[in-house]
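Counting in the numbering used here, the sequence shown runs from 5 upward without gaps.
Derived by calculation from the structure, the hints in this document are not laboratory data.
Be a bit skeptical, because a hint or two may be false.
Ranges of calculated distance between the beta carbons of each label pair, as one might list FRET restraints [said to hold, decoys possible]:
hint: 1; residue 1: K69; residue 2: V12; range: 43 to 53 Å
hint: 2; residue 1: G28; residue 2: R74; range: 13 to 23 Å
hint: 3; residue 1: T51; residue 2: L17; range: 29 to 39 Å
hint: 4; residue 1: F44; residue 2: R10; range: 43 to 53 Å
hint: 5; residue 1: F44; residue 2: R72; range: 31 to 41 Å
Don't be surprised by glycine CBs; every beta carbon is placed ideally from N, CA and C.
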Amino acid sequence: MKLRPRIVIRAILIPLIIGLYGFGILLLIFLVTQLILDIFGQLVAFTIMVSLIIPSLYLWYILTKLIRSRATTKHR
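Based on the sequences and whatever the hints tell you, model everything.
Here it is as structure tokens:
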């Protein structure tokens, strides 16, 4: 069986991009939370962190589904 380079690239790149996107959002939320924590206090920072994480994870889930559906459907 001969491996096609395009399929291999897709198989490696797509999960990598999705993973980096998710990690980047969580890191950004963490940094913003630390900044808010220094300014306001713990309760406010925790509330804002939770309110930011939930939509970003939902967005990440949608992006993952979109990319996976694009990758699995073959172009005719």
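Evaluated hints:
no., hint, verdict
1, K69 x V12: 43 to 53 Å, "22 Å, violated"
2, G28 x R74: 13 to 23 Å, "21 Å, holds"
3, T51 x L17: 29 to 39 Å, "36 Å, holds"
4, F44 x R10: 43 to 53 Å, "50 Å, holds"
5, F44 x R72: 31 to 41 Å, "39 Å, holds"
Hint 1 from the list above is the single one not met by this structure.
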